[in-house]
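Q: All chains, please: the whole structure from these sequences, using the hints.
Mapping to UniProt numbering: the sequence shown position 148 is 148, numbers consecutive.
Hints listed in this document are in silico derivations from the structure and should not be mistaken for laboratory results. We treat Cβ as the ideally placed atom computed from N, Cα and C, and that holds for glycine. Treat each hint with caution, since some may be false.
As the list claims (entries may be wrong) - Straight-line alpha carbon distances no greater than 16 Å define the calculated EDC-like cross-link-like pairs of lysine to aspartate or glutamate that follow:
1) LYS14 with ASP43
2) LYS14 with GLU135
3) LYS14 with ASP116
Unchecked claim - Here are the computed distance ranges between Cβ atoms for each label pair:
4) ARG156 with ARG97: 20 to 28 Å
5) ALA115 with ASN49: 40 to 48 Å
6) THR114 with ILE159: 28 to 36 Å
7) THR42 with ALA115: 36 to 44 Å
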Amino acid sequence: MVSEQNLLAQLSVKVGNRLRDERLLLATAESCTGGLVAAAITDISGSSNWFERGFVTYSNQAKSEMIGVPAELIDKHGAVSEPVARAMAEGALLNSRAQISLSITGVAGPGGGTADKPVGMVCFGWSNRVTTIVETKHFKGDRTQVRSQAAQYALRGVIELLDKGEA
Numbered sequence: 001m002v003s004e005q006n007l008l009a010q011l012s013v014k015v016g017n018r019l020r021d022e023r024l025l026l027a028t029a030e031s032c033t034g035g036l037v038a039a040a041i042t043d044i045s046g047s048s049n050w051f052e053r054g055f056v057t058y059s060n061q062a063k064s065e066m067i068g069v070p071a072e073l074i075d076k077h078g079a080v081s082e083p084v085a086r087a088m089a090e091g092a093l094l095n096s097r098a099q100i101s102l103s104i105t106g107v108a109g110p111g112g113g114t115a116d117k118p119v120g121m122v123c124f125g126w127s128n129r130v131t132t133i134v135e136t137k138h139f140k141g142d143r144t145q146v147r148s149q150a151a152q153y154a155l156r157g158v159i160e161l162l163d164k165g166e167a
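A: Here it is, written out as structure tokens:
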């Protein structure tokens, strides 16, 4: 069985190969994963050819200051929401030279969950300067497992965006 870490590494390589082949740059905006995607990517030799930058916007203030997520949007919908994931993905592109971005914001646990936004709820965004896709998933497991599953899912979303030919 492939370990979670190995799966994340394999997905990072696959994303990197696709981005390199298509001469595209990726930017990430991560909250609950705390840079897990960026770390997996930068573990790959040569990733500077396709990884432009990563934003770890853990606090609401960081989301606003670093990538321009409007504070009013966070106040209205909460940091863990599809509107904020959309703004994060689009903000990562506006504040980088990348053509593709991903964003992750969620509740990794073990605390912090509510009835409306339980532990394991993660919102994602993927953007290519023309189209932005958002999605919410619910993962099971402890904090480490939720973060790992979220990172993997975010990378799969990049592959799907590239497969659609929308990049």
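Q: Next step is simple, just say for each hint if it's right about the structure.
A: Results for each hint:
no.	hint	result
1	LYS14 with ASP43	holds (13 Å)
2	LYS14 with GLU135	violated (21 Å)
3	LYS14 with ASP116	violated (34 Å)
4	ARG156 with ARG97: 20 to 28 Å	holds (24 Å)
5	ALA115 with ASN49: 40 to 48 Å	holds (45 Å)
6	THR114 with ILE159: 28 to 36 Å	holds (32 Å)
7	THR42 with ALA115: 36 to 44 Å	holds (37 Å)
Going through the hint list in order, the structure does not satisfy hints 2 and 3.
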